[in-house]
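Asker: Listed below are the residues making up each chain.
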Amino acid sequence: MSWKLTTFLMLALLGCALVLVNTQYQERHLFIELERSKTESRQLEVEWSQLQLDQSNLGKHERIQANASRDLNMVPVTPERTQYLTLNSK
Amino acid sequence: MKRSSSRNANGKGVPFSANPVLALKLAPWRSRLVMFVLFVAFFSLIVRALWLQGVSTAFLQKQGESRYARTLEMPATRGKIVDRNGLVLASSVPVKAVWAIPEDVLSEPKEKIQKLAQLLEMSEADVRKKLNSDRQFVYLKRQVEQPVADKIVALGISGIETRKEYKRFYPEGEAMAHVVGFTSVEDTGQEGMELAEQASLAGKLGSRRVIKDRLGHIIEDIGAVNEPHDGKDLKLSIDSKIQYLAYAQLKDTIAKYKAKAGGVVVVDVQTGEVLALANFPSYNPNDRSALTGAQLRNRVMTDTYEPGSVMKPFTVALALETNRVTPNTVFQIGSRFAIGTASIGDAHYSSALTVSQIIEESSNIGTAKIALGMPGKEMWEMFTKVGFGQAPKFGFPGAVAGRVRNYKTWRPIEQATMSYGHGLTTSLIQLAHAYTIFARDGELIPLSFVKTEQLPVAQRVISVKTALTMRAMLESVTGPNGSAILARVPGYRVGGKTGTAYKVEHGKYVKKYVASFVGFAPVSNPRIIVAVMVDEPDPSGLHYGGSVAGPLFSTIAANVLRTMNVSPDSSVTSVLPDNGLGDSM
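Protein chains in written order, with the numbering used here: chain A, 1 to 90; chain B, 1 to 585.
Treat the hints with caution; some may be incorrect.
[As the list claims (entries may be wrong)] In silico SDA-like links for lysine to any residue, alpha-carbon gap of 20 Å or less:
#  : chain 1 : residue 1 : chain 2 : residue 2
1  : B       : 503       : B       : 541
2  : B       : 251       : B       : 293
3  : B       : 251       : A       : 76
4  : A       : 38        : B       : 209
5  : A       : 38        : B       : 227
6  : B       : 212       : A       : 33
7  : B       : 235       : A       : 55
8  : B       : 212       : A       : 31
9  : A       : 38        : B       : 293
10 : A       : 38        : B       : 94
11 : B       : 164       : A       : 40
12 : B       : 151       : B       : 118
13 : B       : 167       : A       : 49
14 : A       : 38        : B       : 220
15 : B       : 212       : A       : 27
16 : B       : 167       : A       : 55
No wet-lab data here; the hints were simulated from the structure.
All chains should be built: construct the whole structure from the sequences, respecting the hints.
Answerer: Written out as structure tokens, the structure reads:
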């Protein structure tokens with residue numbers, strides 16, 4: 001009886017040890033993946049601010065105005081040439 | 001046989017050997033000796049293990065950590081600055097600082113150093129000069145953009161290292177330079193809102209302790225991670241479109257009148273938000289290598305000058321408020337008005353003017369006569385209440401108070417000149433601020449450079465009735481007999497006041513002018529205040545407030561009103577063909 005219990009406990013211990021090894025191995029893998037994702041997220045954040053910056057650069061009013069008047073022959077609107085529509089009018 | 005049985009522990013085992021030839025006659029102490037040696041060996045191992053585990057464990061752990069554990073700095077980004085519509089005005093992007101260990105680099109082949117110099121956009125001689133140092137650490141160039149830094153690393157020069165840092169980019173460039181300001185290479189604010197909001201914009205670095213393997217991969221964290229905190233984004237009240245328009249038109253005006261400098265402020269009357277603040281000359285915050293003090297100066301905030309006639313409405317408003325005059329009270333004007341030994345004059349002669357006409361035609365004599373009918377104390381209180389001579393609370397660095405001397409020291413001639421804006425100094429932003437009492441039915445509202453979610457508390461200075469009367473008078477300034485007919489905006493009723501002030505140099509008035517105009521629109525329900533100032537327009541050409549600052553006000557106000565979708569409150573002559581839709585208004 002006693003040696004049966006001992007064997008059982010021994011096997012259980014061995015099993016636990018193997019599970020531990022496996023868990024640690026997986027933990028490392030997941031950790032590395034997490035690190036990689038974190039780096040990627042930082043990278044994307046940088047890219048995002050870069051794109052926002054580009055958007056600001058391209059959407060600059062100076063540039064829009066220059067393009068509109070040079071390439072599209074547009075002129076600024078003045079009230080004389082504006083048709084004002086009033087709500088609830090006839 | 002006998003011996004073999006004695007060797008067995010239980011004494012009844014199988015004989016060791018039946019062959020007498022093989023029977024060894026060994027002394028019993030020999031086996032005991034072996035046993036003892038083995039025991040000692042094991043014992044010493046156990047002692048050693050206990051020693052390592054118990055006594056020298058701290059030392060060993062330290063040694064292990066120093067080989068595998070590293071403290072990593074976790075960078076935090078400085079917050080962005082965006083305009084009221086979320087357009088980025090300032091943003092930090094990671095770049096590299098390239099540094100060198102001079103000894104190592106100098107031992108590299110010549111062509112590699114040449115290539116390095118090329119990539120750094122420096123001459124080889126310059127690079128060598130920098131490397132010619134006793135120090136172990138020399139910055140070759142800071143704020144190198146990422147792709148270039150990658151190429152430098154790819155050269156594989158020993159002793160060249162890079163360090164991560166941030167570079168601040170300002171897409172709006174010079175139009176926005178004075179509001180946003182800039183940061184140093186260390187990413188700390190130096191000017192403008194970058195300086196004012198440094199505490200909230202700056203990020204807080206974090207750190208973590210990790211174990212790295214032989215290849216430098218992070219394996220696990222030791223202890224708690226000290227998370228980094230990125231700086232908070234800042235949303236300004238500035239509208240970048242209005243800001244650009246104001247800057248571009250200011251620039252044109254200054255070129256046209258050969259002026260030295262100028263400034264514009266646009267304020268939202270309802271919320272007190274500053275929609276635009278432009279200065280000329282300006283600078284490009286992305287490249288500050290040739291920056292001069294004149295460019296850096298935020299004239300709107302930090303330059304005080306004698307405002308001139310722009311101050312007249314405050315004197316008249318006080319006289320109306322205290323029922324000393326009505327808009328129709330008549331004052332004798334004449335050509336000169338003597339006060340003590342001095343005398344003052346007007347630009348245009350009139351024999352008599354009503355109070356309304358005094359504002360409309362900007363009469364110095366008339367304003368002085370109104371002022372001399374009031375105690376100095378009341379005038380001083382009025383000026384102080386609307387913020388002149390008071391330290392401004394705009395949350396903007398470098399804003400100045402201007403100077404209004406204590407009324408106890410005023411002589412009558414000084415009280416007279418102060419009534420029309422000489423002998424006291426203010427900044428343009430203070431004028432724009434003070435004009436909120438006319439635009440807001442008598443209330444003074446605090447200004448803000450940050451987008452506000454809730455309306456600030458306004459403080460009543462004059463009654464609604466006085467404010468409305470003043471608005472009508474100020475509108476007449478842009479009317480057919482007014483001094484600033486050029487300040488009119490097609491489609492909108494506008495009101496305001498011109499100012500042409502002599503500049504003071506070494507305590508004397510000189511033939512240099514500051515032309516200004518402060519006004520609001522539309523008069524029926526004011527939405528914006530626009531204050532413009534042109535410093536030293538060419539005195540041989542046009543230099544009056546009405547002729548220089550007036551048109552500038554007009555173009556800026558027209559654009560701002562259109563941008564803000566304010567509907568016109570005055571008739572416009574339509575040039576559109578009659579399409580049967582009826583009158584557009």
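Asker: List in ascending order the numbers of the hints, as given earlier, that are violated by the structure.
Answerer: 9
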